[in-house]
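Asker: Here is what each chain is made of, one letter per residue.
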Amino acid sequence: MEITKDNIEKKLRDEFEPVYLNVDDVSSGCGLKFDTTIVSKKFEGKQLLARQRLVNDLLKDEMTKIHAFTQKTYTPDEWEKKQQKTITNPECETKTMNACTGDCKK
Amino acid sequence: MNSSLFRRVIQQYSSIRALNNISARFTSSSSSSSSAESKTPAESSSIDPQFKKKIDDFIKSNKVAVFIKGEPDAPSCGFSKAVLQILNLHGCDFKSQNILDDQRLRDTMKLYSNWPTFPQIYFDGEFVGGCDILLHMHQSGELVNELKKIGIQSKLSDVNNNTTPSSAN
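If you read the sequences in order, they're chains A and B.
Read in order, the letters of the first sequence are residues 1 to 106 in the UniProt record's numbering.
Read in order, the letters of the second sequence are residues 1 to 169 in the UniProt record's numbering.
If you're looking for bench data, these hints aren't it; they were derived computationally from the structure.
Don't take each hint at face value.
Calculated lysine-lysine pairs in the DSS-like style (CA-CA distance at most 25 Å, straight line) [said to hold, decoys possible]:
id : chain 1 : residue 1 : chain 2 : residue 2
1  : A       : Lys60     : A       : Lys5
2  : B       : Lys95     : B       : Lys60
3  : A       : Lys33     : B       : Lys69
4  : B       : Lys148    : A       : Lys46
5  : B       : Lys53     : B       : Lys69
6  : A       : Lys41     : A       : Lys10
7  : B       : Lys95     : B       : Lys63
8  : B       : Lys155    : B       : Lys60
9  : B       : Lys52     : A       : Lys60
10 : A       : Lys46     : A       : Lys81
11 : A       : Lys60     : B       : Lys69
12 : B       : Lys69     : A       : Lys65
13 : A       : Lys10     : A       : Lys60
14 : B       : Lys81     : A       : Lys33
15 : A       : Lys42     : A       : Lys81
16 : A       : Lys65     : A       : Lys33
17 : B       : Lys81     : B       : Lys63
18 : A       : Lys5      : A       : Lys41
19 : A       : Lys82     : A       : Lys46
20 : A       : Lys65     : B       : Lys81
21 : B       : Lys69     : B       : Lys95
22 : A       : Lys10     : A       : Lys46
23 : A       : Lys65     : A       : Lys11
24 : B       : Lys149    : A       : Lys46
Pulled from the structure, derived: some chain A residues nowhere near chain B, Cβ distances all over 12 Å [as the list claims (entries may be wrong)]:
id : residue
25 : Asn7
26 : Arg13
27 : Asp14
28 : Asp25
29 : Lys41
30 : Glu44
31 : Gly45
Remember, predicted model here, so these are calculated numbers, not experimental data.
Here a beta-carbon is modelled for each residue, glycine too, at the ideal position from N, C-alpha and C.
All chains should be modelled from the sequences, with the hints used to inform the complete structure.
Answerer: The following block contains the structure:
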């Protein structure tokens, strides 16, 4: 099956029943690249590594062909708190591909 | 494919040994090793014990060990660069291996860590994750605590006490 944003979205949606899901296709000359944000109750009680392993296992076939893949995984509570934080400190919104260098001054 | 039909066909034309090898590929249940089995025979799900020992020794003898694309002063990928930036911000010593220089290492680390991408980060012999996880730990302040647990004082530990991340000095 061709690896597309829609196919990845469907797989993630079917598996995690997310309250929020975003998949961006940011593919470039280097190859297939996807940024994902997944908010799901299924992440509750799981550390970040365990959550990402769940996603990796689900997409293990796609991963052999994808060049780059980022994933942000939240529980619904964490997501709600993050939304609140973003509203009060919009400068903290980190662009997906850019690591925060800790330069924000507050 | 019907696995029993496949077996009968192969039985007529192959040795029993070949049959066992091929049927194992088509009848094994889906598992984390299935994507590795579908590749060339060289990329099997088992790791050469001597090579594994070299990896074991590397990650256990360095408190912070990272497998990256490129070199610490010249990373070849944005994610590896981000990891290096974060570790440098914290003033954290580390040892790295360039997986672009060694295809065998690159393939093996995916199996060793059960992780499909790079960079890969180890703290005190334990797999931490990739760039996403390290970035999250840095932004949340967790990284200072995790480094402290393995005996590394982060340059940002005073900043962390103020709960506001900022650049060092």
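Asker: Evaluate each hint against the coordinates.
Answerer: Results of checking the hints against the structure:
1. Lys60(A) with Lys5(A): Between Lys60(A) and Lys5(A) the Cα gap is close to 15 Å, so the pair holds against 25 Å.
2. Lys95(B) with Lys60(B): holds, 11 Å
3. Lys33(A) with Lys69(B): Given pair Lys33(A), Lys69(B) holds - Cα atoms ~16 Å apart, limit 25 Å.
4. Lys148(B) with Lys46(A): Within the cut-off at roughly 22 Å; holds.
5. Lys53(B) with Lys69(B): holds, 22 Å
6. Lys41(A) with Lys10(A): OK: Lys41(A) and Lys10(A) at ~17 Å, within 25 Å.
7. Lys95(B) with Lys63(B): Within the cut-off at roughly 8 Å; holds.
8. Lys155(B) with Lys60(B): holds, 23 Å
9. Lys52(B) with Lys60(A): holds, 22 Å
10. Lys46(A) with Lys81(A): Holds, at roughly 17 Å.
11. Lys60(A) with Lys69(B): holds, 21 Å
12. Lys69(B) with Lys65(A): holds, 17 Å
13. Lys10(A) with Lys60(A): holds, 15 Å
14. Lys81(B) with Lys33(A): Roughly 17 Å separates the two Cα atoms, so the pair holds.
15. Lys42(A) with Lys81(A): holds, 17 Å
16. Lys65(A) with Lys33(A): This hinted pair holds, its Cα atoms lying about 10 Å apart.
17. Lys81(B) with Lys63(B): Holds, at about 19 Å.
18. Lys5(A) with Lys41(A): holds, 22 Å
19. Lys82(A) with Lys46(A): holds, 18 Å
20. Lys65(A) with Lys81(B): holds, 22 Å
21. Lys69(B) with Lys95(B): Roughly 13 Å between the alpha carbons, so the hint for Lys69(B) and Lys95(B) holds.
22. Lys10(A) with Lys46(A): holds, 22 Å
23. Lys65(A) with Lys11(A): With Cα atoms ~16 Å apart, Lys65(A) and Lys11(A) stay inside 25 Å; holds.
24. Lys149(B) with Lys46(A): holds, 21 Å
25. Asn7: Check passes; 16 Å lies beyond 12 Å.
26. Arg13: Holds: least Cβ distance 20 Å, greater than 12 Å.
27. Asp14: Since the minimum Cβ distance to chain B is about 15 Å, Asp14(A) lies beyond 12 Å and the statement holds.
28. Asp25: Asp25(A) clear of chain B: closest Cβ-Cβ about 17 Å, beyond 12 Å.
29. Lys41: holds, 19 Å
30. Glu44: holds, 17 Å
31. Gly45: holds, 17 Å
The structure is consistent with each of the numbered hints, conforming to all of them.
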